[in-house]
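Participant: Residue numbers (my numbering), protein chains in the order written: chain W, 6 to 316; chain E, 2 to 396; chain A, 41 to 143.
By construction, these hints were calculated from the structure, which means they are not laboratory data. Check each hint, because a few of them may be wrong.
Unchecked claim - In silico EDC-like cross-links for lysine to aspartate or glutamate, where the CA-CA straight-line distance does not exceed 20 Å:
no., chain 1, residue 1, chain 2, residue 2
1, W, Lys268, W, Glu291
2, W, Lys269, W, Glu315
3, W, Lys259, W, Glu307
4, E, Lys396, E, Asp384
5, W, Lys278, W, Asp213
6, W, Lys12, A, Glu108
7, E, Lys223, A, Glu56
8, W, Lys11, A, Glu109
9, W, Lys210, W, Asp105
10, W, Lys12, A, Glu109
11, W, Lys92, W, Asp105
12, W, Lys278, A, Glu128
13, W, Lys92, E, Glu47
14, W, Lys11, A, Glu128
15, W, Lys12, A, Glu107
16, W, Lys270, W, Asp246
17, E, Lys189, W, Asp99
18, W, Lys11, A, Glu56
19, W, Lys92, E, Glu221
20, W, Lys11, A, Glu108
21, W, Lys45, E, Asp203
22, W, Lys268, W, Asp246
23, W, Lys270, W, Asp257
24, W, Lys45, W, Asp203
25, W, Lys92, E, Asp384
26, W, Lys179, W, Asp119
27, W, Lys11, A, Glu107
28, W, Lys179, W, Glu300
A quick note: this is a predicted structure, and the numbers were derived from the prediction, not measured.
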Amino acid sequence: MAVNLKKLAGQGSPLAPGHRLCSGCAAPTVAKQALLAAGKPAVVVQPTGCLEISSVVFPYSAWRTPYYHNAFENAAAVASGIEAALKARRRRGDLPADLDVAIITIGGDGGTYDIGFQALSGALERGHRILHICYDNGAYMNTGIQRSGATPFGAWTTTSHVGQALKGKPERRKDLTAIVAGHNPAYVAQASPHNFRDFMRKVKKAVDADGPSFINVIAPCWRGWRFPEEETIEVARLAVDTCYWPLLEVQDGKWTLNYVPRKKKPLADWLRKQGRFSHFFEPGNEWMLEHLQAEVDRQWEELLTRAGVER
Amino acid sequence: MPRIVGLTGDGAAAEAMRQIDPDVVAAYPITPQTEIVERFAEFVAEGLVNTEFVAVESEHSALSACCGAAAAGARAITCTSSQGLALMHEILYIAAGNRLPMVLTNVNRTLSAPLNIHCDHSDSMGSRDSGWIQLYCENVQEVYDTVIQAVRIAEHPEVNLPVMLNLDGFVISHSMQPVELMDDAAVKEFVGPFRPVVDLLDFQNPIALGALVAPEFQFEHKYAQWRAMDSARGVIGEVGREFGEGTGRHYGLLDPYRLDDAAVVVVVMGSAAGTSRAVVDELRSSGVRAGLLRVRAFRPFPADEITAALEGREAVAVLDRAGTQGGEGGPLFTEVRAALYTRGVSLPVLGYIYGLGGRDVPPASLRRVFEHVRRAAATGKVDRAVNYLDLRGWK
Amino acid sequence: MTRIAPPPRGLPAWQEIPLGGIVAGPGNSHEYLTGSWRTRRPIHDPGKCTSCMICWLFCPDSAILVEEERVVGIDTGHCKGCGICARECPIEGAMVMAEGGSY
Numbered sequence: 006m007a008v009n010l011k012k013l014a015g016q017g018s019p020l021a022p023g024h025r026l027c028s029g030c031a032a033p034t035v036a037k038q039a040l041l042a043a044g045k046p047a048v049v050v051q052p053t054g055c056l057e058i059s060s061v062v063f064p065y066s067a068w069r070t071p072y073y074h075n076a077f078e079n080a081a082a083v084a085s086g087i088e089a090a091l092k093a094r095r096r097r098g099d100l101p102a103d104l105d106v107a108i109i110t111i112g113g114d115g116g117t118y119d120i121g122f123q124a125l126s127g128a129l130e131r132g133h134r135i136l137h138i139c140y141d142n143g144a145y146m147n148t149g150i151q152r153s154g155a156t157p158f159g160a161w162t163t164t165s166h167v168g169q170a171l172k173g174k175p176e177r178r179k180d181l182t183a184i185v186a187g188h189n190p191a192y193v194a195q196a197s198p199h200n201f202r203d204f205m206r207k208v209k210k211a212v213d214a215d216g217p218s219f220i221n222v223i224a225p226c227w228r229g230w231r232f233p234e235e236e237t238i239e240v241a242r243l244a245v246d247t248c249y250w251p252l253l254e255v256q257d258g259k260w261t262l263n264y265v266p267r268k269k270k271p272l273a274d275w276l277r278k279q280g281r282f283s284h285f286f287e288p289g290n291e292w293m294l295e296h297l298q299a300e301v302d303r304q305w306e307e308l309l310t311r312a313g314v315e316r
Numbered sequence: 002m003p004r005i006v007g008l009t010g011d012g013a014a015a016e017a018m019r020q021i022d023p024d025v026v027a028a029y030p031i032t033p034q035t036e037i038v039e040r041f042a043e044f045v046a047e048g049l050v051n052t053e054f055v056a057v058e059s060e061h062s063a064l065s066a067c068c069g070a071a072a073a074g075a076r077a078i079t080c081t082s083s084q085g086l087a088l089m090h091e092i093l094y095i096a097a098g099n100r101l102p103m104v105l106t107n108v109n110r111t112l113s114a115p116l117n118i119h120c121d122h123s124d125s126m127g128s129r130d131s132g133w134i135q136l137y138c139e140n141v142q143e144v145y146d147t148v149i150q151a152v153r154i155a156e157h158p159e160v161n162l163p164v165m166l167n168l169d170g171f172v173i174s175h176s177m178q179p180v181e182l183m184d185d186a187a188v189k190e191f192v193g194p195f196r197p198v199v200d201l202l203d204f205q206n207p208i209a210l211g212a213l214v215a216p217e218f219q220f221e222h223k224y225a226q227w228r229a230m231d232s233a234r235g236v237i238g239e240v241g242r243e244f245g246e247g248t249g250r251h252y253g254l255l256d257p258y259r260l261d262d263a264a265v266v267v268v269v270m271g272s273a274a275g276t277s278r279a280v281v282d283e284l285r286s287s288g289v290r291a292g293l294l295r296v297r298a299f300r301p302f303p304a305d306e307i308t309a310a311l312e313g314r315e316a317v318a319v320l321d322r323a324g325t326q327g328g329e330g331g332p333l334f335t336e337v338r339a340a341l342y343t344r345g346v347s348l349p350v351l352g353y354i355y356g357l358g359g360r361d362v363p364p365a366s367l368r369r370v371f372e373h374v375r376r377a378a379a380t381g382k383v384d385r386a387v388n389y390l391d392l393r394g395w396k
Numbered sequence: 041m042t043r044i045a046p047p048p049r050g051l052p053a054w055q056e057i058p059l060g061g062i063v064a065g066p067g068n069s070h071e072y073l074t075g076s077w078r079t080r081r082p083i084h085d086p087g088k089c090t091s092c093m094i095c096w097l098f099c100p101d102s103a104i105l106v107e108e109e110r111v112v113g114i115d116t117g118h119c120k121g122c123g124i125c126a127r128e129c130p131i132e133g134a135m136v137m138a139e140g141g142s143y
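Start from the sequences and build out the full structure, keeping to the hints where you can.
Facilitator: Shown next, in the form of structure tokens:
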């Protein structure tokens, strides 16, 4: 799918201004790119989260598509019901039999990795034709930066403080993309908004897939990650260049790496930009950087093998 | 032509669902509701319905999927029981607050702990303020009839609210009774086509549903919802009457039995009304002016109608198959008493909590209740407002 | 008898709340202005700009004004001043951030 930005800009943004997300937030950019790429009528379902509470504040909506928010942990279940309604109404002749609709759930890591996981897993297993996009900002940002299953090892959050006894989150993050791939849905991908061509191509593939699909998108949060707001896209780029956030696809059990940097950047380049990791660079904590770098290296090596990339 | 068949309560609910042929059914099995899901899955497998059946992974997702379906312009039905209803609790409020019509058949079962699969009303009473219309059925025929009526009540333009109909676990859900079934065509005609107000699949008129609401709007939202619930009071009667015209079986908010000249009255919901009828007959034949008032609609609460039915009686006992931990008596008792007091009707009202966790309520127990009511009638006094029927160790 | 005060001007009474709190004006958040959040402002130089639309794509607030496939300015009623447009702009000086000024 060739992305013609001039043409897209001419059509206008699918997400109106006037939403109340923080300045410099990555979430609306993820949503905007996704809807621009869908290329067909879309219904958006959102679990509770930053993007949800900020974009539909009564009596305003920033969405130019039909939109539904029900609760926090059930976006995929709600979307299952919408998909069932679509099928039933098409069958009854109430809607055109060839009406193709993209049903897209857009949730944060809370509504995807953690509280929303059961509903997501169920929907994936049942095979509903829905796309779930996770804007992964690595913590519960809506309630103010609390650790989640997506928070990386060692990161400071307001429920994993840096103190004498503890140095940020002691546990590693879960690899949700791999867990979703374990459901064998029609399409799974990982993407970043900085590489919009890659992400938008993936969205198109996902909404055209004949079954459930999932895209995990990194969405840096400058308030939570502690970096200057204008660097949102740059921080996403560095996450990919350091191989912390590989761009990949999984289809029919085949893993593909979409981007292999010629020279992998050291993880410290990404970490140093973010205040949530500042303690990594204090004397005595060198082991933390080594530990996380080793973890990223191991996962990258695994991925190279999985994707059959020659080394 | 109507035909009479033997069905269990669960089987009757499933049969009504087949005839309604809703767009979407999303449900999760739980004892004693399981048979409804199993039967309906059979109808799906045999191609007897056009329904999209979503075999979800939890009750929370069952109701969530129904919300999605209803918001996308589909007629949606689910069913559950006990823990399942408790797991749905969060979404019950959302379905009602979003004004999504749908039908939920709840097979009454006690809530854990202790773990027990048998009947009481603690599950549905825990949801009484969730914004759902609540109807309680006495027998298998009424379950069948009410599933069909519930569709019309929920979708009525002045209502647009979800309806929960309740049947006593095992006592009704697993009892085989003769049921008169309507023709498929008659059911189709009675429920009519679904005309959704909210439709996410209308791309010509895109809407956003589920907005964040600030304090300056919340109260007005909730009041609009309360008014819809008030409207349901009339609609339940209207739909029940229309149903009666076609079937000869009339329904309303209340179901009085030998009440006209009754001096002592028992007020009850659900299957215990059946036993109460037998005891009323027995007492009547020995000259006691006994009567029964069965409450069919608990939400909206028919306060005026109950007061009118009880005014002038000598004494009344209100039976609850659920308690209110820390409250004074069961929920039906407290609301009946409040309704009478507010309307200036003063008469002795006894509260009874009975049948928890499937404890049987034999005629002998109800005879004791009537004796107690007659004593209160004779003295004009309530010796004890809250009583526990057949509780060992309670004096 | 105490009279219940009417609702404040401009806010709907309960009868005026749409069913279920539906928002029927898609994209009507446009009416809600967020420009006052801004402490820095982007300055667009049409002479240098090539209208590559990178800023338009990355702007979280859909605040880059486009007409006939050209970037024509900033929607100052909504721009929150994050600076992503200037940071990601591939052309030196086509979009820069400044403090103070007229908007």
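Participant: Confirm or reject each hint.
Facilitator: Here is what the structure says about each hint:
1. Straight-line distance between C-alpha atoms of W/Lys268 and W/Glu291 comes to about 23 Å, which puts the hinted pair past the 20 Å bound.
2. Restraint check: the Cα-Cα separation between W/Lys269 and W/Glu315 comes to about 15 Å, which is no more than 20 Å; the hinted pair holds.
3. Annotation: proposed proximity of W/Lys259 to W/Glu307 holds, straight-line Cα distance about 14 Å (limit 20 Å).
4. Between E/Lys396 and E/Asp384 the alpha-carbon distance is near 13 Å, which keeps this suggested pair within the 20 Å criterion.
5. For the hint pairing W/Lys278 with W/Asp213, the CA-to-CA distance comes to about 37 Å; that exceeds 20 Å, so the pair is violated.
6. As the CA atoms of W/Lys12 and A/Glu108 are separated by approximately 9 Å, the hinted pair is consistent with the 20 Å bound.
7. Restraint check for E/Lys223 and A/Glu56: the C-alpha separation of about 12 Å stays at or below 20 Å, so the hint holds.
8. Taking the CA atoms of W/Lys11 and A/Glu109, the gap is near 5 Å; set against the 20 Å cutoff, the hint holds.
9. Of the pairs offered as hints, the one joining W/Lys210 and W/Asp105 holds, with about 14 Å between alpha carbons and a cut-off of 20 Å not exceeded.
10. For the suggested pair W/Lys12 and A/Glu109, the alpha carbons sit about 7 Å apart, so the restraint of at most 20 Å is met.
11. This hinted pair checks out: W/Lys92 and W/Asp105 have alpha carbons roughly 10 Å apart, not beyond 20 Å.
12. For a cut-off of 20 Å, the pair hint linking W/Lys278 to A/Glu128 stands: about 17 Å separates their Cα positions.
13. About 18 Å separates the Cα atoms of W/Lys92 and E/Glu47, which keeps this hinted pair within 20 Å; it holds.
14. Taking the CA atoms of W/Lys11 and A/Glu128, the gap is about 17 Å. The hint holds against a cut of 20 Å.
15. Distance check on the hinted pair: W/Lys12 and A/Glu107 sit about 11 Å apart at the alpha-carbon level, within 20 Å; holds.
16. At roughly 6 Å between alpha-carbon atoms, W/Lys270 and W/Asp246 fall within 20 Å of each other, so this suggested pair holds.
17. Proximity of E/Lys189 to W/Asp99 is assessed by CA-CA distance (about 16 Å); at most 20 Å being required, the pair is judged to hold.
18. Taking the CA atoms of W/Lys11 and A/Glu56, the gap is near 41 Å; set against the 20 Å cutoff, the hint is violated.
19. With a C-alpha separation of about 35 Å, the suggested pair W/Lys92 and E/Glu221 falls outside the 20 Å cut-off, and the hint is violated.
20. A distance of roughly 9 Å separates the Cα atoms of W/Lys11 and A/Glu108; the hinted pair therefore holds under the 20 Å criterion.
21. Simply put, W/Lys45 and E/Asp203 have alpha-carbon atoms about 14 Å apart, close enough for the 20 Å limit, and the pair holds.
22. With a CA separation close to 8 Å, the supplied pair W/Lys268 and W/Asp246 stays within the 20 Å bound.
23. Proximity of W/Lys270 to W/Asp257 is assessed by CA-CA distance (about 31 Å); at most 20 Å being required, the pair is judged violated.
24. The suggested pairing of W/Lys45 with W/Asp203 holds, with an alpha-carbon distance near 19 Å, which does not exceed 20 Å.
25. About 61 Å separates the Cα atoms of W/Lys92 and E/Asp384, which puts this hinted pair outside 20 Å; it is violated.
26. Restraint check for W/Lys179 and W/Asp119: satisfied, since their Cα atoms lie roughly 10 Å apart, inside the 20 Å limit.
27. This hinted pair checks out: W/Lys11 and A/Glu107 have alpha carbons roughly 10 Å apart, not beyond 20 Å.
28. With a CA separation close to 12 Å, the supplied pair W/Lys179 and W/Glu300 stays within the 20 Å bound.
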